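Colleague: Sequence:
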Amino acid sequence: MKKFFTTTFACVLGVLIAGLLLMLLSIVALTGMVITTETEYTAKPNTILKLDLGIVSDRSQEDYIAFLLGSQEKTDGLDQILKAIETAKQNKNIAGIYIDANGMSMGIATLDRIHRALADFKDSGKFVYAYADNYTQREYLLSAAADSVMLNPVGAIDFRGLAGQVTFVKGLYDKLGIEMQVLKVGTYKSAVEPYINTQMSEANREQTMAYMTPIWNHLLEQLSQDRNLSVEQLNNLADTLLITVDAKDLVAKGLVDTLMYRPQMNQFLKAKVGIGPDDDLTFASVNEVASIKRAANKAKDEIAIVYAEGGIDMGESNGVNTAELVKDLTKIKNDKNIKAVVLRVNSPGGSAYGSEQVWAAIEAIKAAGKPVAVSMGDVAASGGYYISCNADRIFANPTTLTGSIGIYGIIPNLEGLLSGKLGLTFDGVQTNKYGNFGSFNRPMTPDERRQMQNYIERGYELFTSRCAEGRNMSLDAIKKIAEGRVWDGATALEIGLVDELGELDDAIEWVAQEAGLEKYKTTSYPKLKTAMEQLMDELDLNVKSRIVASYLGENYKYLETLKQIRNIDPIQYRMEDIELY
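Take the sequence shown: its position 482, counting from 1, is numbered 482 in this note's numbering, and each next residue is one higher.
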């Protein structure tokens, strides 16, 4: 026993000391990094804005922890990308844009917005060129906006149409001894299918094809204009497995303009900006160009841009924390300088309770006389639609995934894992019939399941009534397009779920007009985390995890599964997780 306590103490102390040293070293590194990133950039003549994008989210946030850990995963914010492109258009020292397609990852609506910004940039007469060793489908769709598309002579283009894939975990949970007890309302509410099925239901296949087809058609029409090829030609090309086609044939088919190696591409760019072959190119990053100083905005009136990105109360470090979001919305309501609000929603939904709290906070802002618009990103579905539905006006991209007006409940039964795998047994006493309802170590009784289903159905009635009220539609009309069904943005406009096809800037312009503002500035919420806040969060999480992992060894994976399950709000307004590629 003495040896056990000695070993345990040494383990804990070691982790704490390591954590302290890491914190001290990190403070030094972060201090230097913060000073560097806060330096204003000045563009030299013949500078080229380089778009070598990584994972693109709605909002830029410096990931200091990833920097310290030497992560190679690059992240970019759509807000900074658009700001950089607009700045490059106006700045006389920036000659053009170079798209270096090498690992871009973004949602389709995000891609569509950047594409539009590039098209607008070209109106300035400045150049846009794209190059890749190999183009993924989304990289190619974005790069096609360029004046010329270049490819490595042994490169390829992955262009094959959209496909949707769902990962089903039922088989895994069966092996772990976990049963997910599911209750739901909505024929198309397919978010629960991965827990109870091993393949897509017919209803889910139907709705997925129904929204995927117009999204693909939108992308094809855009590409048709970019490359001067008909939609029919492009569909035929997508059916030839282009990734296997020789690069020379891609030029002949009109998908690529020129084949060249990277050194040749650099020489090409040097000639375009008018410098010698032995001179160095000057590239500027998105963050550098976005930091170029503009004239100070001294307007007193403000428009608040509130970002709601990620799962709603799903325990994600970068998701929507509704408690914090409601605090920000309440502050905005009470701030006399803030005259209007745009809620930027990029969320598949999540907690039913959290969604209702945000809905109520939006109602309070409207009651205070401040116009509210919603700008939808890649997805604003289920809980993401719940928090949007009572806005004065809703803007969506044609490729936005929205709707999914439905509800489900999940109560895990871990009896097979706890008793069957880990050998735990449970016993106890209770004063009343439902005293231990919700226990994870047993299945629900038929009576409990019946009452939970009634509870879920009341949640559905609340959801649909909120939508009917917000959209000024009858309850019957909402229910006809609800049932958990997901819609693309263009179809959502036709059926009344959104008001207008547009982007964040369109929503800002609309609320400004509604509030009667001629001069205004924008302020973004929530406040971004500082380097030190990110560091403390990471240290707290890592120290706890390492201590527990040292105790449990191989059994730690079971604890992680339990934590994920226990942190899920049992009642969810959430869209299914489907990967479009």
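FYI, nobody ran anything at the bench for these hints, they're computed from the structure. Source: prediction; values computed, not measured. Just to be clear, a hint being listed does not mean it is correct.
[Unchecked claim] List time: in silico DSS-like cross-link candidates among lysine-lysine, alpha-carbon distance up to 30 Å: (1) Lys-300 x Lys-333; (2) Lys-272 x Lys-366; (3) Lys-300 x Lys-89; (4) Lys-83 x Lys-272; (5) Lys-83 x Lys-122; (6) Lys-253 x Lys-272; (7) Lys-293 x Lys-331; (8) Lys-300 x Lys-83; (9) Lys-298 x Lys-253; (10) Lys-336 x Lys-529; (11) Lys-333 x Lys-89; (12) Lys-331 x Lys-521; (13) Lys-333 x Lys-92; (14) Lys-83 x Lys-44; (15) Lys-126 x Lys-89; (16) Lys-327 x Lys-126; (17) Lys-44 x Lys-480; (18) Lys-50 x Lys-336; (19) Lys-327 x Lys-521; (20) Lys-300 x Lys-122; (21) Lys-336 x Lys-519; (22) Lys-83 x Lys-480; (23) Lys-248 x Lys-50.
[Said to hold, decoys possible] Computed spacing ranges between beta-carbons, pair by pair: (24) Asp-120 x Pro-277: 31 to 41 Å; (25) Phe-426 x Glu-363: 39 to 49 Å; (26) Lys-298 x Asn-228: 26 to 36 Å; (27) Gly-315 x Phe-168: 20 to 30 Å; (28) Pro-443 x Ile-55: 25 to 35 Å; (29) Lys-298 x Ser-105: 50 to 60 Å; (30) Ala-477 x Gly-315: 42 to 52 Å; (31) Glu-206 x Ala-299: 20 to 30 Å; (32) Phe-168 x Lys-521: 43 to 53 Å; (33) Gln-513 x Asn-197: 39 to 49 Å; (34) Ser-524 x Lys-298: 44 to 54 Å.
Note that beta-carbon positions come from the ideal geometry of N, C-alpha and C, so glycine has one too.
Colleague: All hints, please: hold or fail.
Modeller: Do the hints match the structure? See the list:
no.: 1; hint: Lys-300 x Lys-333; result: holds (16 Å)
no.: 2; hint: Lys-272 x Lys-366; result: violated (52 Å)
no.: 3; hint: Lys-300 x Lys-89; result: holds (27 Å)
no.: 4; hint: Lys-83 x Lys-272; result: holds (24 Å)
no.: 5; hint: Lys-83 x Lys-122; result: holds (15 Å)
no.: 6; hint: Lys-253 x Lys-272; result: holds (26 Å)
no.: 7; hint: Lys-293 x Lys-331; result: holds (29 Å)
no.: 8; hint: Lys-300 x Lys-83; result: holds (22 Å)
no.: 9; hint: Lys-298 x Lys-253; result: violated (53 Å)
no.: 10; hint: Lys-336 x Lys-529; result: holds (25 Å)
no.: 11; hint: Lys-333 x Lys-89; result: violated (36 Å)
no.: 12; hint: Lys-331 x Lys-521; result: holds (17 Å)
no.: 13; hint: Lys-333 x Lys-92; result: violated (40 Å)
no.: 14; hint: Lys-83 x Lys-44; result: holds (18 Å)
no.: 15; hint: Lys-126 x Lys-89; result: holds (8 Å)
no.: 16; hint: Lys-327 x Lys-126; result: violated (44 Å)
no.: 17; hint: Lys-44 x Lys-480; result: violated (58 Å)
no.: 18; hint: Lys-50 x Lys-336; result: violated (40 Å)
no.: 19; hint: Lys-327 x Lys-521; result: holds (21 Å)
no.: 20; hint: Lys-300 x Lys-122; result: violated (33 Å)
no.: 21; hint: Lys-336 x Lys-519; result: holds (16 Å)
no.: 22; hint: Lys-83 x Lys-480; result: violated (40 Å)
no.: 23; hint: Lys-248 x Lys-50; result: holds (26 Å)
no.: 24; hint: Asp-120 x Pro-277: 31 to 41 Å; result: holds (32 Å)
no.: 25; hint: Phe-426 x Glu-363: 39 to 49 Å; result: holds (43 Å)
no.: 26; hint: Lys-298 x Asn-228: 26 to 36 Å; result: violated (46 Å)
no.: 27; hint: Gly-315 x Phe-168: 20 to 30 Å; result: holds (22 Å)
no.: 28; hint: Pro-443 x Ile-55: 25 to 35 Å; result: violated (40 Å)
no.: 29; hint: Lys-298 x Ser-105: 50 to 60 Å; result: violated (38 Å)
no.: 30; hint: Ala-477 x Gly-315: 42 to 52 Å; result: violated (35 Å)
no.: 31; hint: Glu-206 x Ala-299: 20 to 30 Å; result: violated (49 Å)
no.: 32; hint: Phe-168 x Lys-521: 43 to 53 Å; result: holds (48 Å)
no.: 33; hint: Gln-513 x Asn-197: 39 to 49 Å; result: holds (48 Å)
no.: 34; hint: Ser-524 x Lys-298: 44 to 54 Å; result: violated (18 Å)
Checked against the numbered hints listed earlier, the structure breaks hints 2, 9, 11, 13, 16, 17, 18, 20, 22, 26, 28, 29, 30, 31 and 34; every other hint is satisfied.
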